[in-house]
Amino acid sequence: MDEFIRFEHLGQRFDLSEPLLARLIYRRPKKFLDAVDDVSFSIERGQTYALVGESGSGKSTIARMAVGLLLPSTGKVLIDGHDLHDRSRTEAEHRRIRQRLQMIFQSPFASLNPRWRVGSILAEPLRVFGLVEDRAAELGRVHELLDQVGLSASDARRFPHEFSGGQRQRISIARALASNPDFIVCDEPTSALDVSVQAQVLNLLKQLQRDLGLTYLFITHDLAVVRVMAHRIGVLKSGKLVEEQATAELIESPQSDYTKMLIRSAPRIGSIQARTGMSQA
Amino acid sequence: MIEPLLRVRNLRVVFPHRHGELVPIDDISFDVKRGEILGFVGESGAGKSMTGAAIINLIDPPGYIENGEIWLEDERIDQLDARAANRVRGKRISMVFQDPLTSLNPLRTIGDQLVETILVHLPISPEEARRKARKGLEEVGIDPARIDAYPHEFSGGMRQRVVIALALSAEPELIIADEPTTALDVSVQAQVLELLKKLCREHGASVILITHDMGVIAETTDRVAVLYAGRLAEIGTTAEVLNSPQHPYTRGLIASTPSVEHGDIGTHLFQIEGAMPRLDALPSGCAFHPRCEYADRRCAESRPDLLQERVACWQYADG
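Chains as they are written, first to last, in our numbering: chain A, 1 to 281; chain B, 1 to 319.
The hints are simulated quantities; they were obtained by calculation from the structure and are not laboratory data. These numbers come from a predicted model, not from an experiment. Warning: the hint list may mix true and false statements.
Interface residues of chain B toward chain A, partial, derived using beta-carbon atoms under 8 Å [claimed, not checked]:
#: 1; residue: V120
#: 2; residue: L122
#: 3; residue: V186
#: 4; residue: H212
#: 5; residue: V216
#: 6; residue: E219
#: 7; residue: T238
#: 8; residue: N243
#: 9; residue: G252
#: 10; residue: L253
#: 11; residue: T257
#: 12; residue: G263
#: 13; residue: T267
#: 14; residue: Q271
Ideal placement from N, C-alpha and C gives every residue a C-beta, glycine not left out.
Generate coordinates for the entire structure from the input sequences, incorporating the hints supplied.
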């Protein structure tokens, strides 16, 4: 198998201690929170790995460490065998690695600059990473990106507020694609969207994965979404990985009680049969 | 036939706007029977919350009810003055909002807030009110010993329980729950919905449950109304609507909802193209026709009424 990214004994510890003076006067000990505690897993190239968990389980913290937005307290993130957080590398080398990693955030209302036109939003990564020679090439690439996510070239001149939630999330996806990444972290990309629009965005993400061979780390609390999106699933609880399996196995025959409880609690449309069946009996 | 608890007839809510008017709710009629849970489902902007706000007289100005009637048993409640509206709101109809943090006062203990609500609405002594508050907490599964705790000392799910205790404290006949579990984790969501169902059964209260989640509708409600762009697309018993949805929008909504029960990585989810129109750009005729695969000329020209008290779609007009 062809492994793309590996998380090795990853940990994130936040210092929640009171200020020094308070600790001295009231003799309080230091307090720590292990938001992520010794988490290890890897993702195959071109596949989707979903991290599932409830609020506070540490999924978004892992997402931020996976793209280098947050330095892990312990452990490593290895991309093609290279340590993402290796401090001996030069800024230029770091930049080359970061270009391959992108992120799509939960709220398309907060993650797009409202004062920039869509064209500028998409052109920024192209310029930062020096991917285009001149304005003409830049414009061409912007149009190509818009086309890839199902928007039209004329949308480049519009502002984010002129778009609906689903279209804005398409813009976020186009921006993530701009630097030709291998790996995209999708942090709850559809939880702010309506159901009918969610289906559009999920289908688009799957389409792009097939076309471009992308590797996804998909963060969500929704097991139903995971079922159609992920090759493998890891279940997180209080910063620890409680279970990890291929999608079908995990959902059909979960091992841990926590996973079983999560699956049982997911509301399902099919439950109406059971309910009405019971009321007839 | 038993009189319904709440009757809404031809409700139309209008917001004046610099280019004419916006109509977030247009010609909606429905009943809520005693002891039943009626679900309102739809996407954001469909008018679910606005319908709830209209019932308890909480539409923000400049919006107003332009047309229609709302009856609570034999009292008409859509034209009450502020004092009369206060008498109904909280006492006979109460509301549970999405975010439990914003509906509780962070500076006062939950006991204080419960006792205050009870005293406003019921003619009992403060001591009795406090006893009742403790009983209310017990009912929603919170240790009554925590009556003097502040809202921040509770988790999200516990806070929503407190809000439900608060909503029930004046023994209302109708509870409007607006996305009561959207901010909660799934495991807690299941508990809160179960609690709502149980209380509804035990108190004989009716509930209007507003949600965007078809799964929640299936698990909780007796009947369901599907809203689209401020109009009623379909209404019926939950079993009817989910087992044999008629409106193309309802069918699309159900088909595009992923399920934990089936599907895999190769599944292409059904998708409804486009998005719900904005209120200032509503299409002519049926508001859904630009996204509907069955739309013909009639759909673009005139708006279908609710047929057989079930579905608003021209497909079902003949025969």
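Evaluation of the provided hints:
1. V120: At about 34 Å, which exceeds the 8 Å cut-off, the nearest Cβ of chain A leaves the hint on V120(B) violated.
2. L122: Since chain A brings no Cβ nearer than about 34 Å to L122(B), farther than 8 Å, the hint is violated.
3. V186: At 4 Å from the nearest chain A Cβ, V186(B) passes the 8 Å test, so the hint holds.
4. H212: This hint holds: H212(B) lies near chain A, its Cβ roughly 7 Å from the closest one there, short of 8 Å.
5. V216: With a closest approach of 5 Å, the V216(B) hint holds.
6. E219: holds (5 Å)
7. T238: Check passed: Cβ of T238(B) comes within 6 Å of chain A, closer than 8 Å.
8. N243: With a minimum Cβ separation of about 7 Å from chain A (threshold 8 Å), the hint on N243(B) holds.
9. G252: Where the cut-off is 8 Å and the nearest Cβ of chain A is about 6 Å from G252(B), the hint holds.
10. L253: holds (6 Å)
11. T257: holds (5 Å)
12. G263: holds (4 Å)
13. T267: holds (5 Å)
14. Q271: holds (4 Å)
The structure is inconsistent with the numbered hints 1 and 2, although it conforms to all the rest.
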